[in-house]
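Visitor: Spelled out, the chains give:
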Amino acid sequence: MFSEVRTLLFKDLSLELRRMHHLNGLLLFVLGTVFLCFLSFGGGLDREKWNALFWIIQLFAAIQASGHSFSGEHVNRHIYYYCIASPISVLLSKTIFNICLLLITGFGSFFSFWLLLGIPSSAVLNFMTIIVVASFGFAAILTLVSAIAWRAGHNFSLMAILSFPVMYPFIITLIKTSLLSLNNASFNIMWSYLLVLFLIAFLAIALGVILFPYLWKE
Amino acid sequence: MKKMWWKIAGVILVGYGLIAGLVVPVPDLPVIHESIRNLFYHVCMWFAMLTLFSIGVVNAVRYLSGFNMHYDHRSVAAASTGIFFGLLGVTTGSLWARATWGAFWTNDPQLNGAAVSLLVYASYFVLRSSITDAEKRARISAVYNIFAFSMMVIFLLILPKLAQGSIHPGKGGNPMALVDLDTTMRLVFYPAVIGWVTIGVWLYSLKLRIRLISEAHES
Numbered sequence: 552m553f554s555e556v557r558t559l560l561f562k563d564l565s566l567e568l569r570r571m572h573h574l575n576g577l578l579l580f581v582l583g584t585v586f587l588c589f590l591s592f593g594g595g596l597d598r599e600k601w602n603a604l605f606w607i608i609q610l611f612a613a614i615q616a617s618g619h620s621f622s623g624e625h626v627n628r629h630i631y632y633y634c635i636a637s638p639i640s641v642l643l644s645k646t647i648f649n650i651c652l653l654l655i656t657g658f659g660s661f662f663s664f665w666l667l668l669g670i671p672s673s674a675v676l677n678f679m680t681i682i683v684v685a686s687f688g689f690a691a692i693l694t695l696v697s698a699i700a701w702r703a704g705h706n707f708s709l710m711a712i713l714s715f716p717v718m719y720p721f722i723i724t725l726i727k728t729s730l731l732s733l734n735n736a737s738f739n740i741m742w743s744y745l746l747v748l749f750l751i752a753f754l755a756i757a758l759g760v761i762l763f764p765y766l767w768k769e
Numbered sequence: 002m003k004k005m006w007w008k009i010a011g012v013i014l015v016g017y018g019l020i021a022g023l024v025v026p027v028p029d030l031p032v033i034h035e036s037i038r039n040l041f042y043h044v045c046m047w048f049a050m051l052t053l054f055s056i057g058v059v060n061a062v063r064y065l066s067g068f069n070m071h072y073d074h075r076s077v078a079a080a081s082t083g084i085f086f087g088l089l090g091v092t093t094g095s096l097w098a099r100a101t102w103g104a105f106w107t108n109d110p111q112l113n114g115a116a117v118s119l120l121v122y123a124s125y126f127v128l129r130s131s132i133t134d135a136e137k138r139a140r141i142s143a144v145y146n147i148f149a150f151s152m153m154v155i156f157l158l159i160l161p162k163l164a165q166g167s168i169h170p171g172k173g174g175n176p177m178a179l180v181d182l183d184t185t186m187r188l189v190f191y192p193a194v195i196g197w198v199t200i201g202v203w204l205y206s207l208k209l210r211i212r213l214i215s216e217a218h219e220s
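Protein chains in written order, with this note's numbering: chain R, 552 to 769; chain S, 2 to 220.
Derived from the structure by calculation, the hints contain no laboratory data. Don't take each hint at face value.
Short, incomplete list of chain R residues facing chain S, as computed with Cβ under 10 Å [what the hints assert, rightly or not]:
| hint | residue |
| --- | --- |
| 1 | Gly669 |
| 2 | Val696 |
| 3 | Ile699 |
| 4 | Gly704 |
| 5 | Ile712 |
| 6 | Tyr719 |
| 7 | Leu750 |
| 8 | Leu758 |
| 9 | Ile761 |
| 10 | Phe763 |
| 11 | Tyr765 |
| 12 | Leu766 |
Pairs of lysine to any residue residues, derived as SDA-like cross-links and limited to a Cα-Cα distance of at most 25 Å, are as follows [unchecked claim]:
| hint | chain 1 | residue 1 | chain 2 | residue 2 |
| --- | --- | --- | --- | --- |
| 13 | R | Lys727 | R | Leu667 |
| 14 | S | Lys137 | R | Ile635 |
| 15 | R | Lys768 | S | Asp134 |
| 16 | S | Lys137 | R | Leu758 |
| 17 | S | Lys137 | R | His625 |
| 18 | S | Lys208 | S | Val25 |
| 19 | R | Lys562 | R | Arg702 |
A virtual CB, placed ideally from N, CA and C, is assigned to each residue, including glycine.
Based on the provided sequences and hints, a complete structural model is requested.
Guide: So, in structure tokens, the structure goes:
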């Protein structure tokens, strides 16, 4: 199974590196949105609003990034994957690929925030840790939702509708954790919140592993 | 007649809950005063809603384990009846909040949890309406039902405990209303909960039968 995941992931990554259309599109989306925020807020943002803005932009970027997980390829190629790989390796490889995409977009949007709006805190390293955890959780939850939306056929409009209600527990905890880190909270306080974030992400992956096979076979 | 007993019991219990809820003596507490009587109505709606959503998700699991369309009908009937009770719960809760906290909606984890659970099932029905093929619709919506229900349970049970400053009873250090409830109120509250849950299940079974009949009529 690990070799299957590795091969599928390598295929996705090399396709992406060759064409770069997802990544460039996402980075442009993030940069454009942050620039719009800069124009409309002009730097007058306190911590709370900065934090909420950052994660809402990140959520939309994540929905956009993982929305293409399955719809980007032709149906015939999915039948081919169906023949050669187990559904679980397909799901895991897509999830890992989305984690990579979201890590790059997360840090991209972090640096564009830094450039244009500044960082309202000195706890930069803690915040970066949270970006890593967030990419993991976003990818874990949204990859399965994107499979559901892809199977239903109406990909993009459904993706946004279906992902919001299931994202709430994760994103609310995330916004709280990251506000704590911006307020220079010690790691002892943040620890329980990070644990909850990880638990939600692992639960999402476990449910995905159980449920995805039902979506995968036509 | 033999199968009717639980329906009759439900009607009697709800009738008892409705009338006794208005006439039974209640402790006169600050802020809440007589509005405490809403406990007999508001909290019962949540119990009924959660029971129905659980029936829905159990039937989604049963559908996926055998692909029998009957369980899909059950799952949908339970979800739509659950939404009905959820709306009633939000309405009664909102009126109660206006009377005691001064606003129809406050930024409270308990209330937001309620809103999210309604949103989950609203998008469940949007998903269903977007797929035309019946088998495919049943399969995909069962998957979403199980996934979204788990996320909703997390939101309802875990997050309010993490959040600080909730004013809802039983959360954030507030006394749990159901534990130190007045003894006479318990005598009304517990039967009322059982009664409303029974009525909820009855409504669900009616909804299911209507679905099955209209399905048979079409084919």
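Visitor: Hint by hint, say whether it matches the structure.
Guide: Each hint, compared with the structure:
{"no.": "1", "hint": "Gly669", "in the structure": "violated (28 Å)"}
{"no.": "2", "hint": "Val696", "in the structure": "holds (8 Å)"}
{"no.": "3", "hint": "Ile699", "in the structure": "holds (5 Å)"}
{"no.": "4", "hint": "Gly704", "in the structure": "holds (7 Å)"}
{"no.": "5", "hint": "Ile712", "in the structure": "holds (5 Å)"}
{"no.": "6", "hint": "Tyr719", "in the structure": "holds (5 Å)"}
{"no.": "7", "hint": "Leu750", "in the structure": "holds (8 Å)"}
{"no.": "8", "hint": "Leu758", "in the structure": "holds (5 Å)"}
{"no.": "9", "hint": "Ile761", "in the structure": "holds (8 Å)"}
{"no.": "10", "hint": "Phe763", "in the structure": "holds (8 Å)"}
{"no.": "11", "hint": "Tyr765", "in the structure": "holds (6 Å)"}
{"no.": "12", "hint": "Leu766", "in the structure": "holds (6 Å)"}
{"no.": "13", "hint": "R/Lys727 / R/Leu667", "in the structure": "holds (23 Å)"}
{"no.": "14", "hint": "S/Lys137 / R/Ile635", "in the structure": "holds (23 Å)"}
{"no.": "15", "hint": "R/Lys768 / S/Asp134", "in the structure": "holds (15 Å)"}
{"no.": "16", "hint": "S/Lys137 / R/Leu758", "in the structure": "holds (19 Å)"}
{"no.": "17", "hint": "S/Lys137 / R/His625", "in the structure": "holds (20 Å)"}
{"no.": "18", "hint": "S/Lys208 / S/Val25", "in the structure": "violated (34 Å)"}
{"no.": "19", "hint": "R/Lys562 / R/Arg702", "in the structure": "holds (22 Å)"}
Of the hints listed earlier, those the structure fails to meet are numbers 1 and 18, in rising order.
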